[in-house]
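Just so you know, the sequences run in chain order Y and X. For the first sequence, numbering that gives the first Met the number 0 gives the first residue as 0, with consecutive numbering after it. For the second sequence, numbering that gives the first Met the number 0 gives the first residue as 0, with consecutive numbering after it.
Bear in mind the hints are in silico, worked out from the structure with no lab data behind them. Predicted, not measured: the structure shown is a model, and the values here were computed from it. By construction, the Cβ of each residue, glycine as well, lies at the ideal position given by its N, Cα and C atoms. Warning: the hint list may mix true and false statements.
Only some residues are given here: those of chain X computed to face chain Y with a beta carbon under 7 angstroms [stated by the list, open to error]: (1) Thr-119; (2) Phe-128; (3) Ala-133; (4) Ala-136; (5) Glu-144; (6) Tyr-146.
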Amino acid sequence: MTATRTPAARSKGATSALRLVPLREGMFKMPRSMNGKPRLLGQRCTSCGEQFSNQREFCANCCQPTLENVMFGTTGEITTYTTVRQQLPGALIEAPYVIARVRLDEGVSVQTILSEIEPDDVEIGMKVVSCLKQVTEDDSGNAVVNSFFKPANKRRRARA
Amino acid sequence: MRDVVILGCGLHRFGRWPDKSVQDMGREAIAGALNDSGVPFQDIQVAYTGRVLSGMGAGLNVVNELGQTGIPVVNIEQACASSSTALREARIAVGAGVYDVALVVGFEKMQRGLLQISETTSYGTQMGFSVMPASYALNERRYIEDYGATEEMFAQVSVKAHRNGALNPYAQYQQEVTLEEVMASRYIAEPVKLLECSPTTDGASAVVIVAKEVADRYQPASRQVNIAGWAAGSGAYTPTGSDAGDGGEEGGDELNRGALEQLADTAYERAGVGPEDVDVTQVHDAFSPGEIFSIESLGIARPGEGAAAVWEGRTEVNGDIPVNTDGGLLSRGHPIGATGGAMVTEIYRQLTGDGGARQVGNDPKVGLIHNAGIGGMNVLVLTR
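So that you can see chain Y by itself, here it is in the shape it has in the complex:
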């Protein structure tokens, strides 16, 4: 996370200069607004075809330095999940929260936090879509955000 400490940004009335700052660079393509869907950034190995949801120099599967950047879509399916009920010291996310393993439509699995759903309503096999959530704010008052996932089907939430 990078904090810009310019006088303009710190002074009152500079709110128009506030922007969305990613919790960690290189994880997703920043949408234009908080309501946009972040697309996760990953890599594909041109030697073996394996895809990764994180950034490396050498392919974990075939060990070649032949990774190219790819951008994944915004939808996937929950393969398993857990509700964490004990607060982890240092975490910006407050317990209880749901960690889910999501298999993106491209076949890559990512670990994520679920948003906009009660823990008891989560199910294996549920379709989810990426969303942006603020996790903290930096020294300049910018929103520090990360990609989360939420249910793709709103009707299901209403019924639950």
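Position chain X against the provided structure of chain Y, taking the given hints into account.
Same frame as chain Y, but now just chain X:
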């Protein structure tokens, strides 16, 4: 490589010992192992020490408590698998003929609460991912979905562990718990509950190993347990879509079941035995799902049948595949650097008939150990 045998073991009782240093606990464990083995400290030619949280060069401070003989003291950190790694390294060095007599020591003093497995400023911590029981919980939920198991079956691991721990004078918790108590304990990471989590623990373990060809100087054959098989690994990458799982890219995942199957095969092959020959087993039940997943990967229960095996009592002391007869990590406690040595100690006791009230029947001859940590896991096969 030469045959290498265990001649004796020692423990400092696991628990919370705020007034004791790692030197105090390590000294007691080493003295116990020396006494048990009949090997005088002056005969020890090298020491391998496993510990995680004690700072630079802590192994020497502990070993020197017994006398300053100037031997090499190797400090090994491999998270929860530190002292099984120390034993493996010692076994290889003695097997290679570099030394005849080696000491393996594990010790730890821990803070209460969730184990901090990554830096507080790391992405995994900030996002709340770096929660050890969460990785077990994710896998338990998937297992229940795939095999129709129940939370009660997983809770039964803890009931069984505490029943055994109540019979072990070195265990942190020497008190039985009921299934109802486990099920009623609060969720830490659903469906893993508080009484399904190993505690944080202070304690120490020590093991004396020697080349088989010098063992008769110290102990009769009935007190010699062969380190017949061993295998270590860190888990190869599992490609997307493979049966072995999703690779666990985020954070440390000590539940690489495909890797454990391969290590078990290697260890069995070295020892010249198969899973059907195993009489008593120690597995890494840092959280209750650990026992169920491990016994399947080790081949002593069929895939998908581990939970039922526990539920039906097969892993009890008097079951056909007894597991964690000393209470396991859940009840004996888990002072991370000392745990592997405690696993070895229990198998040594069982194979030499010193299991006391928790002795398994039928004159056990083959013991199996699985100790896992972030950064690597070990499988050991001990035989008599």
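Taking the hints in turn, this is what the structure says about them:
no.: 1; hint: Thr-119; in the structure: holds (4 angstroms)
no.: 2; hint: Phe-128; in the structure: holds (6 angstroms)
no.: 3; hint: Ala-133; in the structure: holds (5 angstroms)
no.: 4; hint: Ala-136; in the structure: holds (4 angstroms)
no.: 5; hint: Glu-144; in the structure: holds (5 angstroms)
no.: 6; hint: Tyr-146; in the structure: violated (13 angstroms)
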